[in-house]
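Whenever a hint applies, use it, and build me the whole structure from the sequences.
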Amino acid sequence: METELAQKIVGSLKAAGINFITFVPETRLSEILPIIQKDGFFQLVPVASEAEAVSIAAGASLGGKQCGVYMEGTGVWVSSYNILTVGVRYGVPMLLLVGYVGSMADKRNTFLYAEYGVKMIAQLESMGVEYQILRDGDGLEGKIADAVRMMHALKKPVALLFTGEFTI
Amino acid sequence: MIRYDCFEWLAPQMKDELVVTSLSGQRVEWGHFSKRDADLTLGSMGNALAVGMGLALALPHRKVFVFESDGSLLLSLFNLPTLANLNPPNLAVFVFDNQKYSGTRISWPTATAGKTDLAAVAKGAGVEHSVLIRDFEEFQREAGGALKESGLRFVVCKIEESLAHRNIVRSNFDLLETKYKFVRYLERSEGKPIFQGRG
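Same order as they appear, the protein sequences are chains B and G.
My numbering applies: residue 41 is where the first sequence begins, and numbers increase by one.
My numbering applies: residue 1432 is where the second sequence begins, and numbers increase by one.
Derived by calculation from the structure, the hints in this document are not laboratory data.
One should not assume that every hint holds.
In silico contact screen, one side only, chain B against chain G (beta carbon under 7 Å); selected entries [unchecked claim]:
id	residue
1	Ala46
2	Ala55
3	Asn59
4	Ser89
5	Ile96
6	Ala100
7	Lys105
8	Tyr156
9	Gly157
For each residue, glycine too, the CB sits at the ideal point set by N, CA and C.
In structure tokens:
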């Protein structure tokens, strides 16, 4: 992903008020991490599993933080139990920032990821998680602001799935 | 040592500390002794420690207690390296290890009934103050220390299996009610809004 696009993502998160981000690093969006790390606005929390990334974010959200959880698409499968228990069932807002590996528009899609990618939407819908697929940077700030407003309105996790231009 | 006695001793000493509990008998027993809005009963396994970490990071000026069980922690062992590296000084974790999945009603043994020592696992993950205790006086020392002192504390309490919770009438508060009670308490005590949505 181009640095300019990574900066646009981070700037949009900041403008939407996201100030606490848990993460397991991945390949597609990884350029956002050094930018987030350098920006004192964010509390950046590295973790060992996407499962705890969701649960730590739930605790921080209940403590008043505006939380993002950055993960690879495979992490949605790893953390589905946590998304359901402390996210959907308990009703806790958080923004899932997902590198949508294996999706149709993933420019680096391989046999390693396709099976996860093509089933992602069904998995999110089965959990009742609202989502938006983002293919390029057009209107990015508004789309991220919409997702943050929706997560607060629903008091549930909302997912942004980054593919297309974000995967180059 | 049984968990019921530990909670009976500790609950009256709590003031504005935040408490997160996992599932099973400890949720019922803690709820029996503590009726505070500062208690967050999650009603799920494998989440309490991580949620407690999130609260401790978000509110570094508040003391957070987490009550875990051996079965719940075994579901989320990846929490331990994260806990060690984040090292929140306002967090105290008590793992009530009865070496059984007592919620199953057949008391199937957990890994800690075999070779696994959760305090050693936490130590190996990098948690400096990780101890295993076996008697009530040690519990009083560790819990009393957690109330008074700063510093991450991870305490595995080897307890006898007790089925006291089965005789306690369970609360009819559902999870959402518990969450809102907790969040509204935090809003009052912190003087700031937690949830951002507006009508």
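Going through the hints against the structure:
no.	hint	result
1	Ala46	25 Å, violated
2	Ala55	14 Å, violated
3	Asn59	10 Å, violated
4	Ser89	4 Å, holds
5	Ile96	4 Å, holds
6	Ala100	4 Å, holds
7	Lys105	5 Å, holds
8	Tyr156	20 Å, violated
9	Gly157	24 Å, violated
Consistency note: the structure conflicts with the earlier hints numbered 1, 2, 3, 8, 9.
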